[in-house]
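Peer 1: Each chain is listed here by its residues.
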Amino acid sequence: MSDHEHHHGESRSGAVSGGSAGDGSRRGFLAKAIALVCGGLATMVPVGAGLWAFLDPLRRSASVAKFLPVAELTAIPDDGVPRQYPVITDRIDAWTGFAAEPVGAVYLRREKGAKVVQALSATCPHAGCFVEMEPTGRCFRCPCHNSIFTLDGGIVAPSPSPRAMDALECRVGKNGEVEVMWQKFRAGVAAKEVQG
Amino acid sequence: MSRDARQTAAAPARKGLVGQLGDFLDDRTGYRALVHEALYERVPGGARWRYVWGSTLVFAFMTQLITGLFLWASYSASAQTAWESVYYIQHEMAGGWLLRGIHHFMAQAMVVLLALHLLQVVIDGAYRAPREVNFWLGLVLMLLVLGMALTGYLLPWDQKGYWATIVATNLAGIVPFAGPSLQQLVIGGSEYGHHTLTRFFALHAGFLPGALILMLVVHLSLFRKHGLHAKQPITKPDAMFWPDQVLKDAVAMLAVMAVVLGVILMPALRAMLAGEAVVPGELGAELGAPADPSLPYAAARPEWYFLFLFQFLKVFEGWGATGEFFGAIVVPGLIMTVMFLMPILGNWRLGHRFNVAFTLAVLAGVGLLTSLALNEDYYALWVDKASLAEAEKLHDQTGGDPEKLAAALDNDTAKVAAMTNQWKKLERVRHSQAFLEASRQAKADAARAIELAGRPEKIPPAGMLELVRHDPKSQGPRLFAQHCASCHAHVDPLTVDAEAVIAKSSAANLYAFGSASWMQGLLDPAQVAGPAYFGNTAHKDGDMVNFVQNDLTDEATWPKADIAAVVAAMAAEAGTSPPKDLVGLVDIVGLVDRGRKLVASDDRCGGCHHFRDNSTALGSAPDLAGWGGREWLVGIITDPTHEQFYGDNNDRMPSFGKAAEGALPPLTREQIGLIADWLRGEWYRAEH
Ligand code: FES
Chain A
1 MSDHEHHHGE SRSGAVSGGS AGDGSRRGFL AKAIALVCGG LATMVPVGAG
51 LWAFLDPLRR SASVAKFLPV AELTAIPDDG VPRQYPVITD RIDAWTGFAA
101 EPVGAVYLRR EKGAKVVQAL SATCPHAGCF VEMEPTGRCF RCPCHNSIFT
151 LDGGIVAPSP SPRAMDALEC RVGKNGEVEV MWQKFRAGVA AKEVQG
Chain B
1 MSRDARQTAA APARKGLVGQ LGDFLDDRTG YRALVHEALY ERVPGGARWR
51 YVWGSTLVFA FMTQLITGLF LWASYSASAQ TAWESVYYIQ HEMAGGWLLR
101 GIHHFMAQAM VVLLALHLLQ VVIDGAYRAP REVNFWLGLV LMLLVLGMAL
151 TGYLLPWDQK GYWATIVATN LAGIVPFAGP SLQQLVIGGS EYGHHTLTRF
201 FALHAGFLPG ALILMLVVHL SLFRKHGLHA KQPITKPDAM FWPDQVLKDA
251 VAMLAVMAVV LGVILMPALR AMLAGEAVVP GELGAELGAP ADPSLPYAAA
301 RPEWYFLFLF QFLKVFEGWG ATGEFFGAIV VPGLIMTVMF LMPILGNWRL
351 GHRFNVAFTL AVLAGVGLLT SLALNEDYYA LWVDKASLAE AEKLHDQTGG
401 DPEKLAAALD NDTAKVAAMT NQWKKLERVR HSQAFLEASR QAKADAARAI
451 ELAGRPEKIP PAGMLELVRH DPKSQGPRLF AQHCASCHAH VDPLTVDAEA
501 VIAKSSAANL YAFGSASWMQ GLLDPAQVAG PAYFGNTAHK DGDMVNFVQN
551 DLTDEATWPK ADIAAVVAAM AAEAGTSPPK DLVGLVDIVG LVDRGRKLVA
601 SDDRCGGCHH FRDNSTALGS APDLAGWGGR EWLVGIITDP THEQFYGDNN
651 DRMPSFGKAA EGALPPLTRE QIGLIADWLR GEWYRAEH
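Same order as they appear, the protein sequences are chains A and B.
Position one of the first sequence corresponds to residue 1 (the numbering used here), numbered consecutively onward.
Position one of the second sequence corresponds to residue 1 (the numbering used here), numbered consecutively onward.
Don't read these hints as lab results, they were simulated from the structure.
Careful, some of the hints might be misleading.
[What the hints assert, rightly or not] Partial selection, computed: residues in chain B whose CB lies under 7 Å from chain A:
id : residue
1  : Ile102
2  : Arg448
3  : Ile450
4  : Gly454
[Said to hold, decoys possible] What follows is a set of in silico ranges between Cβ atoms, one per label pair, in the way DEER data are often shown:
id : chain 1 : residue 1 : chain 2 : residue 2 : range
5  : A       : Gln84     : B       : Met62     : 49 to 59 Å
6  : B       : Glu687    : A       : Lys66     : 46 to 56 Å
7  : A       : Ala100    : B       : Gly575    : 25 to 35 Å
8  : A       : Ile88     : B       : Thr668    : 48 to 58 Å
9  : B       : Leu368    : A       : Ala100    : 20 to 30 Å
Given the structure is predicted, the values throughout are model-derived calculations rather than measurements.
Backbone N, C-alpha and C fix where the C-beta goes; we use that ideal spot for every residue, glycine too.
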């Protein structure tokens, strides 16, 4: 800003000397230049302030991924069929803070007698729809573009989805609660990349 | 076709890509002729500064359009999100304060520019034939801008916008016949809420600016059609709009923007010069506390450019609805009618003079009313209060009774007249002080709401008001003033007026109740029977006072160290921090333990007070277990006649949480909790 003003001061003093020499076209040029600079600066202020605020979301990073308790290990039937569980955590949406809100869902699957479970994100890797279980219970199907996945999340070709369902890191806590690493992955690409 | 072909063949050598693209576009749109027509307008008599107002107004409007659209990208119009989203823009978004500040202050600049533009047009007689229609359009544009100002004021849904809008919409309600329906339509129902906001927002950002743009296009094209109305007599040669007038316009625009930025950034500059930290969220437009229909707001004032109307209505006070109708609708309506007639009146020489005089008179009237309004509100700031001390004393003595005043002044008519004048002044000072106090309170409430909104947990889904209503720091003082302050003082003994306040109270001073220093005072023989403790109560000659004054003074039974131990133990019961002079003492835990034993023991406090498992039964004196803690406080406020507290010995304290069958208690459990938390100083504090 100060640069502009400096420059602009010089031009004006130029205009005075040019004017006394009677150089009309030169004066006209300076008038045009000064008018453009002034008008431009004045307009830049609201546009700049607007863009500054508009770009604010780029400054904000996604919330840190963390392990969230989802269900009791023993409460998950050990029949190898995935079951859907809500993921509940505190959520902040701009100015509002929600305490213990359902923010999404995962499928948990436990094999006979297993002490570990497999966790799959319910978000479709194709374009983010909510993947559902077929009523028969034999596979997953995404209602949007019909991607089909096996019960362990594997891709069934040909598929609109570029990759298998996203497995989530998963552990069993001290008190027997299954905890899932709640993360989002980029949709539409073959590689599984954490989003944000 | 052949021309095109020639150009494409020959151009690359002489013309750059931009030039070629220009040719391409011009062939298909003819934009060069349009631009030429727009820029090369003749300005008879040369460019002048007095012609810049119209252009600065267009610029100001463009600024509002740009900043308004960007604000729109972050604003959410509902009763639970309007304040919250504006808070977020102002205090959390990078640059939000600047964006909002520009929008806020440019709106005010626009009103000033409107007045200047109107004044210039009327003085120059630019409304005369054939420009009448354009003048009328200009007046409509002015009303639209004022309408946008009025609707924009509500959008943050803060106290001041809320209450100002209630007044404005109620005034709309007094329009004959259509009034009530009109009011209901604007409000979006019979209550102020979601639909008031969505409607005001649609008006502010849709209907009104849409209409304004349409009118502006016609206004500008008519302006071009008739050409600029030159100031007579013309003494200089004509000039071209571009660049001569544009240069002046652009400089004026930049100046307007500089003023707006100056207003926003001035406090930052001042803080920097004073070496203080600059908090960006505090720059620019202010944001009041969230709108609360249950909270009186004595600082309610419209934006300054509507203050004259506000003041004007006061002229008709006491005339009831007829007066308001007259002041808010008839007079402004007549003024607008005269303005609409100006182009016709202006055909006569005398008519033009009348128009100029009328406009100046209206502006002078507006100025006068505005300054009257400001003077009424801020009078106490510039009046010499010392000169009114005498009048104040006399007023208190006589209760403001003129007869008593005459008697007090030995019926000296001159003196009585002088004093009556002084009393009028005093009345105005008190009026103004009330306003200033309300403004101060409003500022404090706003600051508190903003502090709370910045909690890491953020704002609850029910909105900011919910949080404020459950905040001990906001609600405690109000509840205390309403229910407790008629007996209890709550004032830091170290402040200037403390002594007078405490002397007037009829129960203990509860400032820092539960702290070691409070307990120290209670156990001080010089203070226990004073007005800050039991002095103005039925316990003045009771056992406790007797005990403190006689037993505690006996150093043989009560060495100083024992008293200190009791103080430490009681502060520990209350859960407040240990006394300052004991902090750092290695054995504070030991001290508290020893104190607790003293409190419990039969031959010490425990002789009268129940404490944990000592042998004294409840009922003879307040239970000291958990004394001053939240639960204890809630208990005593709920029912001091309970055997855990004063039982039958309760002085005059009402049981705030108990009520006769079928009735509601004076205070809810939650309200009592708020008072307790506030007394204990337990509320959210932002970490800095
Ligand atoms: S989003 Fe699931 S198949 Fe397209």
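Peer 1: Could you run down the list of hints and mark each one as holding or not?
Peer 2: Structure-based check of each hint:
1. Ile102: 6 Å, holds
2. Arg448: Violated: closest Cβ of chain A sits about 16 Å from B/Arg448, beyond 7 Å.
3. Ile450: 12 Å, violated
4. Gly454: This interface hint is violated because 10 Å lies over the 7 Å limit.
5. A/Gln84 x B/Met62: 49 to 59 Å: 53 Å, holds
6. B/Glu687 x A/Lys66: 46 to 56 Å: This hint is violated: roughly 23 Å between Cβ atoms.
7. A/Ala100 x B/Gly575: 25 to 35 Å: 28 Å, holds
8. A/Ile88 x B/Thr668: 48 to 58 Å: 31 Å, violated
9. B/Leu368 x A/Ala100: 20 to 30 Å: 60 Å, violated
The structure fails to meet hints 2, 3, 4, 6, 8, 9 from the earlier list, while all remaining hints are met.
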